[in-house]
Amino acid sequence: MTAMTRTQLSGSDHLTKRVAQVRAGFVETLDERILDLEGLKAMVIKGQRRGEALQAIANQAHRIRGVAGTLGFESLGTLAGKVDEAYAEFCSAPSRSHEELVAFWRANSPALEAMLDEMERLMDSAPPA
Amino acid sequence: MEHDTTMRILAVDDEPVFLDILEQHMVALGFTDVVYCESAEDALSTLDGAGQGFDCFLVDIKMPGMDGIELCKRIRRRPDCQATPILMLTAMSESNYVDAAFLAGASDYITKPINKMELSARLRSAGELGRERSRVAALTSTLKGQTFGQSALTYSDPVRLHDLEGAVDYVALKNYALTLGNLRMLNWQAVGFHLTGASEFLAATGPAEYIEMMQDVGSILFDILKLGRVMIAHAGSGNFVALIGRERAYDPDETQSSVNALLVPFNDYYRTVCPVQIGVIAGHAKRSALLSFQPADRSIEQALSSALTRAANAALTV
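Line by line, the protein sequences are chains Z and E.
1 is the number of the first residue of the first sequence in the working numbering; add one for each residue after it.
130 is the number of the first residue of the second sequence in the working numbering; add one for each residue after it.
Since the hints were made in silico from the structure, they are not lab data.
Where hints are given, some of them may not hold.
According to the in silico footprint, chain Z covers these stretches of chain E (three or more CB under 8 Å from chain Z) [unchecked claim]:
{"hint": "1", "stretch": "160-168"}
{"hint": "2", "stretch": "284-297"}
{"hint": "3", "stretch": "313-320"}
Below, a list of computed lysine-lysine pairs in the DSSO-like style, where the Cα atoms sit at most 27 Å apart [what the hints assert, rightly or not]:
{"hint": "4", "chain 1": "Z", "residue 1": "Lys46", "chain 2": "Z", "residue 2": "Lys17"}
{"hint": "5", "chain 1": "E", "residue 1": "Lys355", "chain 2": "E", "residue 2": "Lys245"}
{"hint": "6", "chain 1": "E", "residue 1": "Lys355", "chain 2": "E", "residue 2": "Lys415"}
{"hint": "7", "chain 1": "Z", "residue 1": "Lys41", "chain 2": "Z", "residue 2": "Lys82"}
{"hint": "8", "chain 1": "Z", "residue 1": "Lys82", "chain 2": "E", "residue 2": "Lys415"}
{"hint": "9", "chain 1": "E", "residue 1": "Lys415", "chain 2": "Z", "residue 2": "Lys17"}
In this text, a Cβ means the ideal position worked out from N, Cα and C, and glycines have one as well.
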């Protein structure tokens with residue numbers, strides 16, 4: 001093995017170790033993110049500042065999507081991507097009627113639930129700190 | 130080729146976990162002079178307070194408050210950052226974000242989730258682009274009254290088109306096409322233009338007049354093409370290339386006549402400094418093919434080839 005290869009491997013090992021740390025740190029943030037999303041979900045259901053709540057859900061999903069795949073949580077990344085795209089597109093319209101909002105929620109709340117379920121599954125399967 | 134790991138980089142993303150990952154990748158790639166900011170506002174404050182400039186920016190598009198597209202525009206307005214590569218980071222794949230980012234001055238685009246190989250390749254390109262841009266920008270700055278000696282600007286150098294809405298750097302235009310891919314490039318057609326007499330003009334007048342002439346021609350082309358969506362770049366060697374909406378009717382002969390008609394008063398002036406008349410040859414429009422294995426920027430190269438072929442044919446018939 002050449003010195004260069006050894007250096008690369010050692011750099012790669014270091015990266016793997018550090019990414020594992022970041023990965024564990026991300027899983028630790030899931031609890032707070034779930035609480036945040038549950039709160040936003042409740043706002044939509046109760047009709048409190050619905051537009052704002054849907055946009056905040058899109059933003060949170062977007063942030064999760066951006067990091068989950070890189071950390072090896074492909075399934076969460078894919079689910080977050082679906083929420084991000086659907087909710088962001090819905091929110092991009094200048095205004096929506098109540099009927100449109102109800103129809104959107106009926107069609108797209110399952111995607112949010114699936115993402116929340118996956119977040120909970122990752123939390124549950126994480127080794128104890 | 131090795132990285133220029135001495136590059137000073139400013140990375141902006143509102144997600145701290147992403148910045149953590151990015152930092153690990155940057156360290157692994159050997160970049161140690163990196164400043165991380167969690168908002169556009171923080172990035173602008175950092176820029177204001179930085180004694181030393183940055184060689185590259187990594188900017189997330191979607192951020193609360195000021196988004197990455199607005200930040201990109203603000204960075205570009207700074208005289209010390211006009212030539213600095215800006216790589217946009219996003220999980221977004223919608224073309225409207227991509228369009229807005231490139232029109233705001235972005236040089237390239239990295240899709241999340243990031244991986245080390247892609248980041249490495251993009252940073253290497255950014256390093257090369259930054260060095261080349263700085264060289265050309267230093268020469269182009271003569272337009273703003275700065276002085277320079279007998280510069281190293283060559284005929285093949287792309288010229289940056291200042292203050293022209295829709296103007297982007299040639300490399301950025303190609304990166305834009307590659308980012309869109311063949312499917313979304315179907316929404317565009319590429320058209321190339323070749324300037325006759327440009328090399329003689331450079332030889333006769335020098336870089337300052339040459340850059341100004343390119344600016345004039347770029348503005349005329351933009352005026353002719355601007356009825357729909359348009360992005361335009363000077364590609365070097367007397368060539369311009371533009372992307373125009375696919376829906377747009379385009380006839381090379383008609384466009385060529387219109388451009389050359391608008392060039393007449395400019396040629397009256399150019400003749401006072403160079404005896405060779407400047408003319409524009411328009412090429413045929415080229416489109417990407419959906420089921421193509423060719424890279425998505427192929428239509429740009431084909432458009433330039435078409436303009437050059439028509440220029441060669443025109444020269445033969447004279």
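- Item | Pair hint outcome, Lys46/Z versus Lys17/Z [Cα-Cα no greater than 27 Å] | violated (44 Å)
- Task: Starting from Lys355/E, check that the Cα of Lys245/E is at most 27 Å away, please.
- Result: violated (39 Å)
- Item | Given coverage of the stretch 284-297 of chain E by chain Z, tested with a Cβ cutoff of 8 Å and a minimum of 3 residues | violated (count 0)
- Does Lys415/E lie within 27 Å of Lys355/E when you go C-alpha to C-alpha? Within the cut-off at roughly 18 Å; holds.
- Query: Holds or violated: the stretch 160-168 of chain E covered by chain Z, criterion of 3 or more residues with Cβ-Cβ distance under 8 Å?
  - Reply: Result for this restraint: violated, n = 0.
- Message: Run the distance test for Lys415/E versus Lys17/Z: straight-line Cα separation, threshold 27 Å.
- Response: violated (48 Å)
- Coverage of the stretch 313-320 of chain E by chain Z (three or more Cβ within 8 Å): violated (count 0)
- Has the given pair, Lys41/Z with Lys82/Z, been kept, meaning a C-alpha gap of at most 27 Å? holds (16 Å)
- Decide if the proposed pair is consistent with the structure: Lys82/Z and Lys415/E, CA atoms, cutoff 27 Å inclusive. Given pair Lys82/Z, Lys415/E is violated - Cα atoms ~34 Å apart, limit 27 Å.
Hint compliance for this structure: hints 1, 2, 3, 4, 5, 8, 9 are not met, and every other hint is.
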